[in-house]
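Asker: Now for the letters of each chain:
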Amino acid sequence: DAGVIQSPRHEVTEMGQEVTLRCKPISGHNSLFWYRQTMMRGLELLIYFNNNVPIDDSGMPEDRFSAKMPNASFSTLKIQPSEPRDSAVYFCASMLGNEQYFGPGTRLTVT
Amino acid sequence: QQPVQSPQAVILREGEDAVINCSSSKALYSVHWYRQKHGEAPIFLMILLKGGEQKGHDKISASFNEKKQQSSLYLTASQLSYSGTYFCGTANDYKLSFGAGTTVTVRA
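The listed protein sequences derive, respectively, from chains A and B. Taking this note's numbering, the leading residue of the first sequence gets 5, the next gets one more, and so forth. Taking this note's numbering, the leading residue of the second sequence gets 342, the next gets one more, and so forth.
Note that these hints are calculated values from the structure, not bench results. Every residue gets a Cβ at the ideal spot worked out from N, C-alpha and C, and that includes glycine. Among the clues, some could well be false.
Simulated restraints on C-beta separations [said to hold, decoys possible]:
hint: 1; chain 1: B; residue 1: S422; chain 2: A; residue 2: L100; range: 22 to 30 angstroms
hint: 2; chain 1: B; residue 1: R448; chain 2: A; residue 2: N75; range: 44 to 52 angstroms
hint: 3; chain 1: B; residue 1: K408; chain 2: A; residue 2: P85; range: 42 to 50 angstroms
hint: 4; chain 1: A; residue 1: Q84; chain 2: B; residue 2: T444; range: 30 to 38 angstroms
hint: 5; chain 1: A; residue 1: T115; chain 2: B; residue 2: G397; range: 17 to 25 angstroms
hint: 6; chain 1: B; residue 1: H379; chain 2: A; residue 2: V16; range: 16 to 24 angstroms
hint: 7; chain 1: B; residue 1: H379; chain 2: A; residue 2: N102; range: 25 to 33 angstroms
hint: 8; chain 1: B; residue 1: K408; chain 2: A; residue 2: P12; range: 43 to 51 angstroms
hint: 9; chain 1: A; residue 1: P65; chain 2: B; residue 2: Y435; range: 18 to 26 angstroms
hint: 10; chain 1: B; residue 1: A449; chain 2: A; residue 2: R68; range: 16 to 24 angstroms
hint: 11; chain 1: A; residue 1: Q84; chain 2: B; residue 2: A449; range: 31 to 39 angstroms
hint: 12; chain 1: A; residue 1: S11; chain 2: B; residue 2: H379; range: 16 to 24 angstroms
hint: 13; chain 1: B; residue 1: Y415; chain 2: A; residue 2: E87; range: 38 to 46 angstroms
One chain only, chain A, in its complex shape:
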């Protein structure tokens, strides 16, 4: 199994631009999480999907952030418009049972 796949691995964009991060969970995993990691705030849960349905989006910082999971094998996290404070590493993780498997992350830099 290839594990959780995320793209792009690195993204550099200018303030105000739209950013879309992509995630392919491990096949058969019915739960998907988006996290953000920064030095200041550590690992924060942004949103959780179960069976493609958003269950908890209380961690999404603002309306500029949105996430979708149109099917069991694909999810996106969109930031529009992006701001410098959105710079972070964004991880997607999928879960089966109690174990979460993290993707390699997308390092986002907003200038």
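Fit chain B to the supplied structure of chain A, relying on the hints for placement.
Answerer: Just chain B, lined up with the frame of chain A:
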């Protein structure tokens, strides 16, 4: 609510032992431990589901004291490969709240 980890950092020589503590102000139902190497994703180490449960993986083990609302991770006879940042996560149903992490550096 975020669990509290201690210490923030520890430096070891190969072969030495270390303990990382994780405590919560709320009742704990399960504790997850992850390790993250620099520039990489967190990797699942183990989960403890019951109070008093202990688990081990190679020479890394953990205990869970439900009454004290805390868990400890034990690194025994540390190896260079143990270097990284260790996170505990406390679970409320599906939602994991991660501690700030403990950075472990193992030197030859």
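Asker: Each hint: holds or not?
Answerer: Hints and how they fare:
| no. | hint | result |
| --- | --- | --- |
| 1 | B:S422 to A:L100: 22 to 30 angstroms | holds, 26 angstroms |
| 2 | B:R448 to A:N75: 44 to 52 angstroms | holds, 47 angstroms |
| 3 | B:K408 to A:P85: 42 to 50 angstroms | holds, 49 angstroms |
| 4 | A:Q84 to B:T444: 30 to 38 angstroms | holds, 35 angstroms |
| 5 | A:T115 to B:G397: 17 to 25 angstroms | violated, 46 angstroms |
| 6 | B:H379 to A:V16: 16 to 24 angstroms | holds, 20 angstroms |
| 7 | B:H379 to A:N102: 25 to 33 angstroms | holds, 26 angstroms |
| 8 | B:K408 to A:P12: 43 to 51 angstroms | holds, 46 angstroms |
| 9 | A:P65 to B:Y435: 18 to 26 angstroms | holds, 20 angstroms |
| 10 | B:A449 to A:R68: 16 to 24 angstroms | violated, 47 angstroms |
| 11 | A:Q84 to B:A449: 31 to 39 angstroms | violated, 48 angstroms |
| 12 | A:S11 to B:H379: 16 to 24 angstroms | holds, 21 angstroms |
| 13 | B:Y415 to A:E87: 38 to 46 angstroms | holds, 42 angstroms |
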